[in-house]
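Q: Sequence:
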Amino acid sequence: MKSWKKLSLWLLSVCAVVWLAAVGLTWNAIAGIDEWTPKNNGLYGGDIYALAINPSNPSTIYAGTRGGVFRSVDGGDNWIQINQGLTSLHVRSLSINPSNPPTIYAGTSGGGVFSYTDTVVSVLYGDVSGDGNITAYDASLIFKVVVGILNLNDPNYPYLTLERADVTGNGTVSAMDAALVLQYSVGLITKFPKSPTGAIALNR
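Heads up: the sequence shown is residues 1 to 204, going by my numbering.
Be careful, since some hints might not be right.
Simulated restraints on C-beta separations [said to hold, decoys possible]:
| no. | residue 1 | residue 2 | range |
| --- | --- | --- | --- |
| 1 | D77 | G46 | 13 to 21 Å |
| 2 | T117 | G42 | 16 to 24 Å |
| 3 | P38 | P58 | 14 to 22 Å |
| 4 | N57 | K5 | 19 to 27 Å |
| 5 | W36 | R66 | 15 to 23 Å |
Hints were generated in silico from the structure; no laboratory data involved.
Ideal Cβ placement from N, Cα and C applies to all residues, glycine included.
Could you put together the complete structure from these sequences and hints?
A: Encoded structure:
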């Protein structure tokens, strides 16, 4: 399990970011638009003191808050807490190692400096957030994804369009559909349709 490690360092380099941190919120401005958009889904750590963006992957952002460190892998739309091993949650500064971007340094109030190597070894099926855990929250995110077309082998019904998260193929979306995603491992898809307009249906 990934964890923060305490270091004997006491100074951090300043990392400039193009985000605004406010009390309990982060905001970003889109080029050409004169307004700020809140980006705080899952970010509940209180005051935000520091932000750092991974130079190798700008969609990965870290926020240092009064409640620890939070990470977003989708440009700030959703955040998860990454505090394993962080003994002081009052994070006042963050810095990313420019020669090794997965390594992050966090300076805490009264607790020293910590390092964290943020690499995803493997993502579990259904783990939308990439934190290594499958939760009901991950299943609920499936509602945002369009599943596609189910290919039936019946010549009378050559195709059936599925609604969002319609696992059972009954044409309706329910909480049960999202829950079923957690029960089945799809595995590796090795057979693809010959026709570019075809689709694959995976059966239990």
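Q: Any hints from earlier that this structure breaks? Give me their numbers in increasing order, please.
A: none
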